[in-house]
Amino acid sequence: MGLLDYLSTHTYDEDYQTVAARRRRAASGGHGPTRPWAVRGAVAGLVLLAFALLVVTAGTQTSRNALALSDERKDLIGQINTRSAAAQQDQARIDSLQAANRHQARQVQSDEAQAHELLTRIRRLSVDVGVTPVRGPGVSIVVDDAPDAGSDPRDQVLDSDLQQLVNGLWQAGAEAIAINDQRLTSLSAIRRAGSAITVNDNSLGRPYRILAIGDPDTLPARFAETSGGQAWFDLQQQVGLRFQMHSRASLTLPRASTTLRYARPEHVGGNP
Amino acid sequence: MIAIAGLVVGIVLGLVLQPDVPLWAEPYLPIAVVAAMDAVFGALRAFLDGIFDDKVFVVSFISNVLIAALIVFLGDKLGVGAELSTGVVVVLGIRIFSNVAAIRRHLFHA
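Protein chains in written order, with the numbering used here: chain A, 1 to 272; chain B, 1 to 110.
Hint data in this document are derived by calculation from the structure and do not stem from the laboratory.
Be aware that one or more of the hints could be misleading.
[Unchecked claim] Computed, partial: chain A to chain B, Cβ under 8 Å:
#	residue
1	D15
2	V19
3	A20
4	R40
5	V43
6	G45
7	L46
8	V47
9	L48
10	L49
11	A52
12	V56
13	T57
14	A58
15	L119
[What the hints assert, rightly or not] Taking CB as the label site, the calculated pair distances span:
#	chain 1	residue 1	chain 2	residue 2	range
16	B	F97	A	S84	43 to 53 Å
17	A	A100	B	P22	37 to 47 Å
18	A	R64	B	L107	33 to 43 Å
19	A	A21	B	V100	22 to 32 Å
20	B	D76	A	R64	16 to 26 Å
21	B	G79	A	A92	41 to 51 Å
22	B	L107	A	D5	22 to 32 Å
23	A	I80	B	K55	50 to 60 Å
24	A	D5	B	G79	28 to 38 Å
25	A	A100	B	D20	54 to 64 Å
Because the structure is a prediction, the values reported are computed rather than measured.
The beta-carbon is built from N, C-alpha and C at its ideal position, and this holds for glycine as well.
Using the sequences and the accompanying hints, generate a full structural model.
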């Protein structure tokens, strides 16, 4: 409170009182007032002019600033509005893009599942067709000409003998057959070319080694019951051709290389 | 009379010329106006008391304005410009109110 008390009691400019007291002393001492009233008024007028100029300048400046500020504010508000509208549009775009993205992701997932299914199918079918190597249990058969083969063609293994053998194996439940590493497919032919037997257009040399994948327990017995099996039994017994059959726990059959030049798959609607 | 004429001429000049205040001087202007008001009301009170002196008026006016500007400048440099401005305005405001009260007593004898 001391400061406020001091302020309210010492409001008067003490200079005026000091100067007045000095002048009073000078006047009582015989000296008159130094300046006439007109000069004093002129000086005061000049100072007041400066004061008025100051006040008006400050006022106009403030109002001008306020004007500029409000203009700026309006401008900023406009900018905010346009920008937030743009942001809203962008947000909507983001939303729609995200929805599209989700949709596409689902599409990709189902496509992948479909592709997986197709690959599985292809793998299974290619085992059947013979364009992939396969492995499994089965039997291995070695057939050869009679030991004392003469010029009689009957003493040798003929293409028809191999055909009967293979047909008998198919009948007995073989799932994949290869003769001397030539895999049999739906396009394979066993035929005679000159003095050699060819399979898949490859000449085979004796002895003929036939690998058949199937149930090793039932395959020999069922083969013996087929007409091909019985024909070979006769050949073995009466002509003397060599025929040996062994069960194998694991056989590996190579793939066949087949090229289709004319056949094209017919479109199968609804069941790719 | 001459004083009032000076006041009027100053107002008219300011309105007509609309002088541009340089950017660096802008923060000092309001506080300078308050300081000048203090000097002017002090002078008016002295005039009514019959002890007005033109030299004292000129000196007090100029020194008030300069010191107010200096205080604001220092405050700005020290980072307490707003607080110092408030202090100056409070002190000068109290003086102005007291002086105006004294002038009122003189004029209305109340």
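Results of checking the hints against the structure:
no.	hint	verdict
1	D15	holds (5 Å)
2	V19	holds (5 Å)
3	A20	holds (4 Å)
4	R40	holds (4 Å)
5	V43	holds (4 Å)
6	G45	holds (3 Å)
7	L46	holds (6 Å)
8	V47	holds (5 Å)
9	L48	holds (4 Å)
10	L49	holds (4 Å)
11	A52	holds (3 Å)
12	V56	holds (3 Å)
13	T57	holds (6 Å)
14	A58	holds (5 Å)
15	L119	violated (74 Å)
16	B:F97 / A:S84: 43 to 53 Å	holds (48 Å)
17	A:A100 / B:P22: 37 to 47 Å	violated (59 Å)
18	A:R64 / B:L107: 33 to 43 Å	holds (35 Å)
19	A:A21 / B:V100: 22 to 32 Å	holds (25 Å)
20	B:D76 / A:R64: 16 to 26 Å	holds (22 Å)
21	B:G79 / A:A92: 41 to 51 Å	holds (47 Å)
22	B:L107 / A:D5: 22 to 32 Å	holds (26 Å)
23	A:I80 / B:K55: 50 to 60 Å	holds (57 Å)
24	A:D5 / B:G79: 28 to 38 Å	holds (31 Å)
25	A:A100 / B:D20: 54 to 64 Å	holds (58 Å)
Checked against the numbered hints above, the structure breaks hints 15, 17 and satisfies the rest.
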